[in-house]
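Trainee: Now for the letters of each chain:
Protein chains: 2
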Amino acid sequence: MERLNGFSHAEGGVTAPLGFMAAGVAAGLKKGGKRDVALVAAADTVPAAAVFTTNAVAAAPVEVSRAHIADGRARAVVINAGNANACTGAQGVTDARAMATVTAEALLAAPEDIIVSSTGVIGVPLPLPVVVAGIGEAAAALDARAGDDAASAIMTTDTFAKQTALAFDADGMRYTVGGMAKGSGMIKPNMATMLAVVTTDAPLTSDACAAALAEATKRTFNRVTVDSDTSTNDMALLMASGAAGGAAIDMHSPHYEAAAAAIEEVCAQLARMIARDGEGATKLVTVTVTGASTEDDAEKVAFSIADSPLVKTALFGNDANWGRVAMAVGKSGAAVDQTRLAIRFAGIEVCKDGTAVGFDEDEAFAALDTDEVEISVDLGLGEGEATVLTCDLSYEYVRINGEYRS
Amino acid sequence: MERLNGFSHAEGGVTAPLGFMAAGVAAGLKKGGKRDVALVAAADTVPAAAVFTTNAVAAAPVEVSRAHIADGRARAVVINAGNANACTGAQGVTDARAMATVTAEALLAAPEDIIVSSTGVIGVPLPLPVVVAGIGEAAAALDARAGDDAASAIMTTDTFAKQTALAFDADGMRYTVGGMAKGSGMIKPNMATMLAVVTTDAPLTSDACAAALAEATKRTFNRVTVDSDTSTNDMALLMASGAAGGAAIDMHSPHYEAAAAAIEEVCAQLARMIARDGEGATKLVTVTVTGASTEDDAEKVAFSIADSPLVKTALFGNDANWGRVAMAVGKSGAAVDQTRLAIRFAGIEVCKDGTAVGFDEDEAFAALDTDEVEISVDLGLGEGEATVLTCDLSYEYVRINGEYRS
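Just so you know, the sequences run in chain order A and B.
Mapping the first sequence onto this note's numbering, position 99 (from 1) lands on 109, and the numbers just tick up by one.
Mapping the second sequence onto this note's numbering, position 331 (from 1) lands on 341, and the numbers just tick up by one.
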């Protein structure tokens, strides 16, 4: 069995863990008969946690879901693609509540146990009757092997469905964690919206769900940037069915760390898929910063590099243009001593003590002419480290986002 | 005579005011025999002030010039294009000092009165002998009508030379302010470097120079963004020859405000030229934010919009994609109540109370299909206002910055 950072690989996504069913159906929100309504449901209401966008212009489903997850429990999450239900005012909130109510009725659950999410175009009223019909169809199609359908139903401009699963052992039991996500996309060209649903059959408590998801998100989803733009609709949800049995795992359990590590690994794999599939991306870029005074400084520097259009266009051109990286380090706001700065592109040292190191430009070009590259920066000041994932900035990004909505 | 915001237009740039000579010569740093060394000199050491990049990885000439301007006086500024003398270590500082020394010898001045600036590729040692020869040639070519030559010598990927001048009346005298600037550019594809030299024949004191330049910079150059990347070499310099006569103008003079306003207007005009000529830009974009709780919040929101790749690509496509503007407002960190948010594209109301306003898409497309557009955002919360200038994000930006250095 393939080993993934010490975990065992498992097939599938959100339905890989015991105790979850899923569905993905085509309600008609997307063109061409593609799946656009997803449903992931536990057999009963289970411990759960969610994190949401920090954007002050949050979408209606974010507002509704924040309230519904407040008690640390959820039965199901319903997601539509094709319309973000954002900037839709009071009607948007009414529509998001209606999605929860209709889903609850189909599952014989309470509306407050249904988490709601939408992704797609902003500022257009949700076509509620279409969504409601899709929810009914999805509820009828729920299946313990349909994680694939759900993962494809939440795609927008994603070029591939994003899901993963792994197993870990704790307390003499084998537990599974599965997840699905969508990355940057649009129906009509619109903003990136990140969305992830993670499931596990480990018997985590609500507090343990919240702690594990918060920590995993901080180190994974919150360290991905495609274009520095924060969506109105971002959400990551964790649900723990406990269906694999065993004693409850709370934050003080000796098995909490194993479960949290497995959840973080699933989130990390989904985050890598999101960065790799950034709009127009030709390569996945890992920016690793070491030697910062603090972890916070390391993160500032890593994001400053990963968000820089000049760095991202250079990477598109396979150009080890370290001067732009030095510039991004300097503008980051972190403590920097340029005489201690070292920079590597794809393992090749290009800058040391803040000045040029002779390197073979042809070799560097060849090393960057691949679909996965690393920029490493050592600030030489302390122990702070951070890694941020991003992608390059290509003509295709401009085409996808510059073409008039149609 | 043309009136510009209450000022009288004057011909030329840095040599429009009395008491300044300039030169721009081709030393061989740029290909094709283009001018690449500029010199702007007063007849004697005069009151002056400068502001520099806040990038922690500052270039060698920035370090040297900071020291040389500390006494509030300068005789001349020497500028080379084609090499930024950044990330060049101790040798870079020695080279920057040598530029000052050679210029001082040619002008029979003290090295400490010479301001030094470089713009171009990063991390490559300055070819000092080439620069020294250029300085000698420039000193010999100094002329009171050669502001044009200096303005063209500091260009990198700028598509036009940027200079302006205007006259104002104070204390019964007519004074002139002139300026030149360069915007985003490269020789080998590299980072944007902003550079401006402003001259006046008004008898400003050193303190008045510093105050007027600081205030003008805050409202003009510091409110321009092409791609959110802060150069290692940015500098704006103001020199006041006093050659037009009259009593000294210090910060307490009744004529200070008139002089400061004229200086700000020259800076504003140069800032507009920089935004219009951003790399790959097809249009100048003015982002105006009103109704913010504070001016600081207004500036945050304006920059969040102006730096957003999704907003900038939409503008390239003439798309009144207000959802992306709402997203950028929300992620800015400023106080926002989405139910009060109003957005206009080119004067057309597209969002009110945070939700869609019906508008004619064809009309909006036509209104945006021009070389100068405005996005206006009203947060509806307070009196804070700010305006930021930027440009769109086009295929050409990716081409300029994504082509391998050659």
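Take the hints with a grain of salt, since some may be wrong.
To be verified - Across the chosen pairs, the derived CB separations fall in these ranges: (1) E359/B to M183/A: 32 to 38 Å; (2) D217/B to G343/A: 28 to 34 Å; (3) L118/B to G357/A: 49 to 55 Å; (4) K228/A to E225/B: 51 to 57 Å; (5) K41/A to E406/B: 40 to 46 Å; (6) D306/B to G255/A: 52 to 58 Å; (7) E359/B to H262/A: 53 to 59 Å; (8) V367/A to K41/B: 35 to 41 Å; (9) A150/B to A376/A: 44 to 50 Å; (10) E359/B to A257/A: 44 to 50 Å; (11) G82/B to G343/A: 35 to 41 Å; (12) A150/B to G357/A: 48 to 54 Å.
What the hints assert, rightly or not - Here are the computed lysine-lysine pairs in the DSSO-like style, where the Cα-Cα straight-line distance is at most 30 Å: (13) K362/A to K40/B; (14) K41/B to K293/B; (15) K362/A to K41/B; (16) K362/B to K40/B; (17) K228/B to K41/A; (18) K293/A to K228/A; (19) K362/B to K40/A; (20) K293/B to K228/B; (21) K44/A to K293/A; (22) K44/B to K293/B; (23) K293/B to K362/B.
Claimed, not checked - Derived coverage of chain B by chain A (criterion: at least 3 residues anywhere in the stretch with Cβ under 8 Å from a Cβ of chain A; other residues may be distant): (24) 45 to 59; (25) 66 to 78; (26) 92 to 99; (27) 320 to 329; (28) 333 to 339; (29) 346 to 353; (30) 360 to 366.
These are computed hints drawn from the structure, not numbers from a lab.
These numbers come from a predicted model, not from an experiment.
Glycine included, every Cβ here is placed at the ideal spot set by N, Cα and C.
Trainee: Take the hints in turn and mark each one as holding or not.
Mentor: Okay, the hints, checked on the actual structure:
no.	hint	verdict
1	E359/B to M183/A: 32 to 38 Å	violated, 60 Å
2	D217/B to G343/A: 28 to 34 Å	holds, 30 Å
3	L118/B to G357/A: 49 to 55 Å	holds, 53 Å
4	K228/A to E225/B: 51 to 57 Å	violated, 41 Å
5	K41/A to E406/B: 40 to 46 Å	violated, 31 Å
6	D306/B to G255/A: 52 to 58 Å	holds, 55 Å
7	E359/B to H262/A: 53 to 59 Å	holds, 56 Å
8	V367/A to K41/B: 35 to 41 Å	violated, 26 Å
9	A150/B to A376/A: 44 to 50 Å	holds, 48 Å
10	E359/B to A257/A: 44 to 50 Å	violated, 60 Å
11	G82/B to G343/A: 35 to 41 Å	violated, 29 Å
12	A150/B to G357/A: 48 to 54 Å	holds, 50 Å
13	K362/A to K40/B	holds, 27 Å
14	K41/B to K293/B	holds, 28 Å
15	K362/A to K41/B	holds, 29 Å
16	K362/B to K40/B	violated, 51 Å
17	K228/B to K41/A	violated, 48 Å
18	K293/A to K228/A	holds, 23 Å
19	K362/B to K40/A	holds, 27 Å
20	K293/B to K228/B	holds, 23 Å
21	K44/A to K293/A	holds, 27 Å
22	K44/B to K293/B	holds, 27 Å
23	K293/B to K362/B	holds, 26 Å
24	45 to 59	violated (count 0)
25	66 to 78	holds (count 3)
26	92 to 99	holds (count 5)
27	320 to 329	holds (count 7)
28	333 to 339	holds (count 6)
29	346 to 353	holds (count 4)
30	360 to 366	holds (count 5)
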